[in-house]
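Peer 1: Listed here are the chains, written in short residue letters.
There are 2 protein chains.
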Amino acid sequence: MAVALCEVGPRDGLQNEPEVLAPALRAELANRMARTGVPRVEAASFVNPERVPQMAGAEDVLAAVQPSPTLSRAALVLNERGYQRLRETSCEEVHIAFCVTETFNRRNQGHSVAESLAQAGAIVADAHEDGRRATVTLAASFGCPFEGAVDPAIVLGLAEQLTTADEIVFADTIGVGVPRQVRALLGGARHLGTPLGLHLHNTRNTGYANAYTALDEGVALLDASVGGIGGCPFAPRATGNIATEDLLYLLDHEGVDTGVDLDEVIRVAEWLETVLGRQLPGQLYRAGSFPPALS
Amino acid sequence: MAVALCEVGPRDGLQNEPEVLAPALRAELANRMARTGVPRVEAASFVNPERVPQMAGAEDVLAAVQPSPTLSRAALVLNERGYQRLRETSCEEVHIAFCVTETFNRRNQGHSVAESLAQAGAIVADAHEDGRRATVTLAASFGCPFEGAVDPAIVLGLAEQLTTADEIVFADTIGVGVPRQVRALLGGARHLGTPLGLHLHNTRNTGYANAYTALDEGVALLDASVGGIGGCPFAPRATGNIATEDLLYLLDHEGVDTGVDLDEVIRVAEWLETVLGRQLPGQLYRAGSFPPALS
Numbered sequence: 001m002a003v004a005l006c007e008v009g010p011r012d013g014l015q016n017e018p019e020v021l022a023p024a025l026r027a028e029l030a031n032r033m034a035r036t037g038v039p040r041v042e043a044a045s046f047v048n049p050e051r052v053p054q055m056a057g058a059e060d061v062l063a064a065v066q067p068s069p070t071l072s073r074a075a076l077v078l079n080e081r082g083y084q085r086l087r088e089t090s091c092e093e094v095h096i097a098f099c100v101t102e103t104f105n106r107r108n109q110g111h112s113v114a115e116s117l118a119q120a121g122a123i124v125a126d127a128h129e130d131g132r133r134a135t136v137t138l139a140a141s142f143g144c145p146f147e148g149a150v151d152p153a154i155v156l157g158l159a160e161q162l163t164t165a166d167e168i169v170f171a172d173t174i175g176v177g178v179p180r181q182v183r184a185l186l187g188g189a190r191h192l193g194t195p196l197g198l199h200l201h202n203t204r205n206t207g208y209a210n211a212y213t214a215l216d217e218g219v220a221l222l223d224a225s226v227g228g229i230g231g232c233p234f235a236p237r238a239t240g241n242i243a244t245e246d247l248l249y250l251l252d253h254e255g256v257d258t259g260v261d262l263d264e265v266i267r268v269a270e271w272l273e274t275v276l277g278r279q280l281p282g283q284l285y286r287a288g289s290f291p292p293a294l295s
Numbered sequence: 001m002a003v004a005l006c007e008v009g010p011r012d013g014l015q016n017e018p019e020v021l022a023p024a025l026r027a028e029l030a031n032r033m034a035r036t037g038v039p040r041v042e043a044a045s046f047v048n049p050e051r052v053p054q055m056a057g058a059e060d061v062l063a064a065v066q067p068s069p070t071l072s073r074a075a076l077v078l079n080e081r082g083y084q085r086l087r088e089t090s091c092e093e094v095h096i097a098f099c100v101t102e103t104f105n106r107r108n109q110g111h112s113v114a115e116s117l118a119q120a121g122a123i124v125a126d127a128h129e130d131g132r133r134a135t136v137t138l139a140a141s142f143g144c145p146f147e148g149a150v151d152p153a154i155v156l157g158l159a160e161q162l163t164t165a166d167e168i169v170f171a172d173t174i175g176v177g178v179p180r181q182v183r184a185l186l187g188g189a190r191h192l193g194t195p196l197g198l199h200l201h202n203t204r205n206t207g208y209a210n211a212y213t214a215l216d217e218g219v220a221l222l223d224a225s226v227g228g229i230g231g232c233p234f235a236p237r238a239t240g241n242i243a244t245e246d247l248l249y250l251l252d253h254e255g256v257d258t259g260v261d262l263d264e265v266i267r268v269a270e271w272l273e274t275v276l277g278r279q280l281p282g283q284l285y286r287a288g289s290f291p292p293a294l295s
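Protein chains in written order, with full-length UniProt numbering: chain L, 1 to 295; chain G, 1 to 295.
Since the hints were made in silico from the structure, they are not lab data.
Careful: at least some of the hints might be erroneous.
Stated by the list, open to error - Cβ-Cβ distance ranges computed for the label pairs, FRET-style: (1) L/A2 to G/I154: 27 to 37 Å; (2) L/V275 to G/V275: 34 to 44 Å; (3) L/L25 to G/A114: 55 to 65 Å; (4) G/G277 to L/E80: 46 to 56 Å; (5) G/V275 to L/H191: 29 to 39 Å; (6) L/E115 to G/E17: 35 to 45 Å.
Stated by the list, open to error - To spell it out: a stretch of chain L is covered by chain G in this simulated footprint if at least three of its residues, at any positions, have a beta carbon under 8 Å from a beta carbon of chain G; those stretches are: (7) 42-49; (8) 56-69; (9) 180-186; (10) 200-206; (11) 284-291.
What the hints assert, rightly or not - Residues on chain L that point at chain G, a partial pick, calculated with CB under 10 Å: (12) P152; (13) I174; (14) V176; (15) G177; (16) A209; (17) N210; (18) A211; (19) Y212; (20) T213; (21) I242; (22) E273; (23) T274; (24) V275; (25) L276; (26) G277.
C-beta: ideal position from N, C-alpha, C; glycine also.
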């Protein structure tokens, strides 16, 4: 079994840091993670720097992430304006995100869900015309900080209209999901034929159980951030993504192939701890790795 | 589906605290957890107080834990001497633990594995004669801090010789296990007919994925500690147990019945944070609960 990892530390991780890191340092994080063998890095976000100063200078970040035949450099956009900026860069992949609930999407994107859905479809078409991969992420697919519980049928209804994307990613933006929901979403969208991914936060300690369940449901892509940094500046109480190295320990020991070097990721987490000057949420880089069970 | 929870905070949790809590306070933790509906509480440990001062006064703790028809008050013993002390108390259940690897067991118990196995069988017999339930916990079943990886066949060979116990519990003492091992141990011991349990630590963020997998394998009993406190003073780098409230959030949302009130457990975690004067490893009591997904 194999699954692709997408490192989102330079984007979803750093966008929630109190300190604004310079583009060169954000690119260094992306480059260090690329060297561990991670096939994709979400390195930047084309959002309004007045709203998210941590993501200012996306063009400079992407220009400093080294291209490689084994790496897809990705960036996030929330709308057409963002994609027009991304278009001027050499990055290979666009990630388009919007929220599945009206309240959260209005606050986060300033649009109705239907408007964001139409916009996502248009950006996918543009990206394909430009020869770029395009992934659509459905934020708050497992629960909304403003509207509460979310019906998987609503999420699946949106997914059905996004099959032109190269992947559809269900995001547990505020870390409330459980395996039952993973099965409902991945199982319910399987017939679409579009590869599916998950973006998980570990806010309530369910992130790794969800990732494990996703393997069973044939997930193609898992987002994670080195050291487990992250969150969402506009989602109250959202904490970090699942940590790339903790996820990788689980995957390695379960015999799932990712092509990523766990020891190297641990070293990036150790480096990142010194950069951010505080203990990170990931646990493996502090506890140390351990050999798999004999059998 | 239903599973029994055993609260081990007053024992495995507090035995690793730098500060020694008075027996009355340890009993208060046990009583508070009993009131949440937890059917079992491991309230004390009959070990040498010179080795583990945090557990001194086990008799006083047990005397202060209120008996109830819906509660089984348990205490840990490592040998016959410990059981002779427990025998003088009114507690309903004995937990006997030893390590599956020679090095760890010598350091922790001062005996060979074969000696501890024989002793465990003898204590089970004594307990049954006394009208007490007896659970045997196999420590380091998922990996040993001194010998490294552990062969599940070794663990299963020991389990086969412990079928007189009311339950056999496989302990991931140092938090290295993954779901594959849960399946190997629970699946491999199922034919014994003895109810099986797991004692999990979340040191490498695999604890909740392991608990979730255990449900699928028909686990009867899960240990957890409120706030996720815990560790082992003699196992280097071992950190906390899975948190009772985080586990309960997962179980509740998966539709697994435990009879325990999640909101009440969160309140105990909040209280315990004030008692210990520091943030606890559990995440749910800080993030807050969330309603289950609509469907």
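Peer 1: Between L/E115 and G/E17, does the C-beta distance stay in 35 to 45 Å?
Peer 2: violated (54 Å)
Peer 1: Is the shortest C-beta separation between L/L276 and chain G less than 10 Å?
Peer 2: violated (18 Å)
Peer 1: Going by Cβ atoms only, is L/I242 closer than 10 Å to chain G?
Peer 2: holds (8 Å)
Peer 1: Would you settle whether the hint for L/A209 is holds or violated, based on the nearest Cβ-Cβ distance to chain G being less than 10 Å?
Peer 2: holds (4 Å)
Peer 1: Just to be careful: measuring from the Cβ of L/A211 to every Cβ in chain G, is the smallest value less than 10 Å?
Peer 2: holds (8 Å)
Peer 1: Going by Cβ atoms only, is L/T274 closer than 10 Å to chain G?
Peer 2: violated (20 Å)
Peer 1: Counting residues of the region 180-186 of chain L with a beta carbon closer than 8 Å to any beta carbon of chain G, are there 3 or more?
Peer 2: holds (count 3)
Peer 1: Would you say the C-beta atoms of L/A2 and G/I154 sit inside 27 to 37 Å of each other?
Peer 2: Cβ of L/A2 to Cβ of G/I154: about 31 Å, so the range 27 to 37 Å holds.
Peer 1: For the restraint on L/E273, tell me whether the closest CB of chain G is nearer than 10 Å.
Peer 2: For L/E273, the interface hint is violated, since the closest Cβ of chain G sits about 16 Å away, which is over 10 Å.
Peer 1: Would you settle whether the hint for L/P152 is holds or violated, based on the nearest Cβ-Cβ distance to chain G being less than 10 Å?
Peer 2: The hint holds - L/P152 has a Cβ within 10 Å of chain G, the shortest such distance being about 6 Å.
Peer 1: Are three or more residues of the region 284-291 of chain L within 8 Å, CB to CB, of chain G?
Peer 2: Check passed, 5 qualifying residues.
Peer 1: Grab the minimum C-beta distance from L/Y212 to chain G and call the hint holds if it beats 10 Å, violated otherwise.
Peer 2: holds (4 Å)
The earlier numbered hints that this structure contradicts are 5, 6, 7, 8, 22, 23, 24, 25, 26.
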